[in-house]
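Peer 1: Got chain S sorted already, so can you dock chain D onto it with the hints?
If you read the protein sequences in the order shown, they are chains S and D. Quick note: the first sequence, position 161, residue 161 per this note's numbering, numbers continuous. One rule links them: number in this note's numbering = place in the second sequence (from 1) + 398.
Simulated from the structure, these hints should not be mistaken for lab results. Model, not experiment: these values are computed from the prediction. In this text, a Cβ means the ideal position worked out from N, Cα and C, and glycines have one as well. There may be inaccurate statements among the hints.
[Stated by the list, open to error] The list that follows gives simulated cross-link-like pairs (lysine-lysine, PhoX-like), each with its CA atoms no further than 25 Å apart:
hint : chain 1 : residue 1 : chain 2 : residue 2
1    : S       : K290      : S       : K324
2    : S       : K270      : D       : K577
3    : S       : K132      : S       : K32
4    : D       : K431      : D       : K590
5    : S       : K324      : D       : K577
[As the list claims (entries may be wrong)] Sample of chain D residues with no beta-carbon within 12 Å of chain S, all distances over it, derived:
hint : residue
6    : P462
7    : D477
8    : D510
9    : L533
10   : N541
11   : R589
12   : K591
13   : G640
14   : A646
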Amino acid sequence: MAGLYIDQSRVTAETAAALQALCPFGAFTYEKGRLDITAACKMCRSCIRNGPDGVVTLVEDDAPAACDKSAWRGIAVFAELEESGRVHNVVPELLGKARELAAVTGHPVYAVLIGHGGRPAAEDLLRYGADKVFLYDHPAFASFLVDAYANAFSDFIRRVKPSSVLVGATNMGRTLAPRVAARFRTGVTADCTVLEMRENTDLVQIRPAFGGNVMAQIVTTRTRPQFCTVRYKIFSAPAPLERPAGQVVEMEVTDGMAASAVRVLETIPKPREVDISEARVIVAVGRGVKKESDLAAVRELAGLLGAQMACTRPLVEQGWFDAKRQIGLSGRTVNADLIITVGVSGSVQFAAGMKGSACIVAINSDPEAPIFNIAHYGVRGDWYSVVPALLRRLREGH
Amino acid sequence: MDIIVCVKQVPGTTQVDIDPDTGVMRRDSASTKLNPYDLFAIEAALALVRETGGSVRTLTMGPPQARAALLETVWMGADSGVLVSDRRLGGADVLATARALAQAARAMGRYDLILCGKQTTDGDTAQVGAELAELLGIPHAGNVLSVAPGEGFVDARVSLDDRDELQRLPLPCLVCVDKNINTPRLPSYFRKKALAADPVTVLTLDDFPDRDERRYGLSGSPTQVERTFSPERAEHRAMLSGDPEEAAGQLADLLLAGKFVREV
Chain S
1 MAGLYIDQSR VTAETAAALQ ALCPFGAFTY EKGRLDITAA CKMCRSCIRN
51 GPDGVVTLVE DDAPAACDKS AWRGIAVFAE LEESGRVHNV VPELLGKARE
101 LAAVTGHPVY AVLIGHGGRP AAEDLLRYGA DKVFLYDHPA FASFLVDAYA
151 NAFSDFIRRV KPSSVLVGAT NMGRTLAPRV AARFRTGVTA DCTVLEMREN
201 TDLVQIRPAF GGNVMAQIVT TRTRPQFCTV RYKIFSAPAP LERPAGQVVE
251 MEVTDGMAAS AVRVLETIPK PREVDISEAR VIVAVGRGVK KESDLAAVRE
301 LAGLLGAQMA CTRPLVEQGW FDAKRQIGLS GRTVNADLII TVGVSGSVQF
351 AAGMKGSACI VAINSDPEAP IFNIAHYGVR GDWYSVVPAL LRRLREGH
Chain D
399 MDIIVCVKQV PGTTQVDIDP DTGVMRRDSA STKLNPYDLF AIEAALALVR
449 ETGGSVRTLT MGPPQARAAL LETVWMGADS GVLVSDRRLG GADVLATARA
499 LAQAARAMGR YDLILCGKQT TDGDTAQVGA ELAELLGIPH AGNVLSVAPG
549 EGFVDARVSL DDRDELQRLP LPCLVCVDKN INTPRLPSYF RKKALAADPV
599 TVLTLDDFPD RDERRYGLSG SPTQVERTFS PERAEHRAML SGDPEEAAGQ
649 LADLLLAGKF VREV
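For reference, chain S alone in the conformation it holds in the complex (with noise of 0.2 Å):
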């Protein structure tokens, strides 16, 4: 079984220090002479890559059982489809990314899309350059049934065998996919974002990793399919064919695809809300507001800029905004055209939020704030004094 191993032979007092010292995780115990790694460890392979040469191999399995590959073709956007009869908006922007995927290996590039009433949005799909749009349409997926959608998910893998598939980490996208993919004991990986293909098929997905400031780059390479998920506005939809090439394959829903254990009782439409993902100028707020009443400023430089007041995640813990005002891993993703974050320092979950913004402006006071590293124009300084001066200038400026 592959796992981490220690050489007690070459073990020493000083090596045991360096390697405790070393681990992030504190995995290591030493005692009486006697290295031993501890169920903390989380393969991060710190100790193999820097510790003491020697010291600790990693072991791999001796044969481990991949599939083939080569049986296995195309690139797969899972197609939620909305109450209203679209397609969520994530998913144009799934399609595109597929096909800049399937570029690399020559895949084709599906969708498969899981509904009732679906043909016109399945039909809409071809325009963002789908060569096939699988459709699977019955009045029982109307509602979000999990295992029901997982039938017929896994129906089109079983029959259509795609390389990769990716889902939009919305709620359904968030609940569907573990779900498939566990069903065929295949990996999948969370909220992407960075995606690269490599010409064995091996799909490179990039996330934040161990809620701190490090990114992971993962790869699944002995199962097929390979899952992973994306948020809505990581990625930009292409612009619509205007002859589409692909076609509609409608798929048979058996009885038994569409039986579920669940009876949905009541569906509630959700009260239209402010929605920060489809704004185009923000002004985002973090950890440098020392008081709630200090807000009025930064709220008057967003009434002058027709924005939308966002967050970090601390504001919202402390209740001086809602939690749909959040931009970051945990809240939203934005995309907008210009954002400007007050006293915001700008951790890798924020970042990952609202980099894919053209043009980012950071206020705060600690030059050493990773904010500046994404920052396009940076302003380092207080922004107690600084948002007050630019709002006098913005005035004048009319």
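Peer 2: The following block gives chain D in isolation, referenced to the frame of chain S:
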């Protein structure tokens, strides 16, 4: 109703970074806490059991120190905790984690409902609950805003992006609750003091129905982390210099030139 709540011990801080010179990951591993999202699942379980009777057991996988997280759940009101701890389970991705938890749930005997939080603050994947349900072959619902008990079922309000659905799931089933759906109670000092016996049971791979080591940990993980690195830096960036007044002036010019300022 007999409920299992899946919980996780997470780092007390999410501050992890990479030394730019050596490429070594640095992390303050000293402090830990119970994953804050799990508190809502525990509170939901305790509220359900208050209504229907039954038991609440908490389940976690982690190093021996994760016992502390289980004790905290017992001080909140859970009856007991199960710690799955075995080096052979280390390095597990979502599938291998779900597999170990599914085996542990089978080893724990009868249950009506498994509750999970929305996600953890360290892994952030929000995927283990769904995979656990699939491997146990039971229905599940994610992003649940409320859960009410019935005869042989629970009613769960499921939040989707464009609508909510009130779903009736037969027992046994698994429900992942959203954050902020209730106000989690604090651990009780009196419960802590009143504890006579150790409420935590430890399971290892040897206690699982399926003891094939290759299915767990690193070997059983279809995804592999190839490398970790620091996020990229912006290519084009300009610092607006000078005192606040000067910098604000330059910024105002930029905004006016970009036609960002609304006509008033």
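Peer 1: Would you mind marking each hint as holding or not holding in the structure?
Peer 2: Cross-check of the supplied hints:
1. S:K290 with S:K324: Roughly 21 Å between the alpha carbons, so the hint for K290 (chain S) and K324 (chain S) holds.
2. S:K270 with D:K577: It holds: about 18 Å lies between the C-alpha atoms, which stays within 25 Å.
3. S:K132 with S:K32: Violated, because 64 Å separates the two Cα atoms, which is more than 25 Å.
4. D:K431 with D:K590: Between K431 (chain D) and K590 (chain D) the Cα gap is close to 17 Å, so the pair holds against 25 Å.
5. S:K324 with D:K577: 13 Å, holds
6. P462: Non-interface label on P462 (chain D) violated, nearest chain S Cβ at 7 Å vs cutoff 12 Å.
7. D477: Given a closest Cβ separation of 24 Å, the condition holds.
8. D510: The assertion about D510 (chain D) holds, with a minimum of 14 Å to chain S.
9. L533: 6 Å, violated
10. N541: 4 Å, violated
11. R589: Holds, because the least Cβ-Cβ distance between R589 (chain D) and chain S comes to about 27 Å, which exceeds 12 Å.
12. K591: 29 Å, holds
13. G640: 9 Å, violated
14. A646: Contrary to the label, A646 (chain D) does not stay out of reach of chain S, its closest Cβ about 4 Å off (not over 12 Å).
Violated hints, listed in ascending order, are 3, 6, 9, 10, 13 and 14; each of the other numbered hints is respected by the structure.
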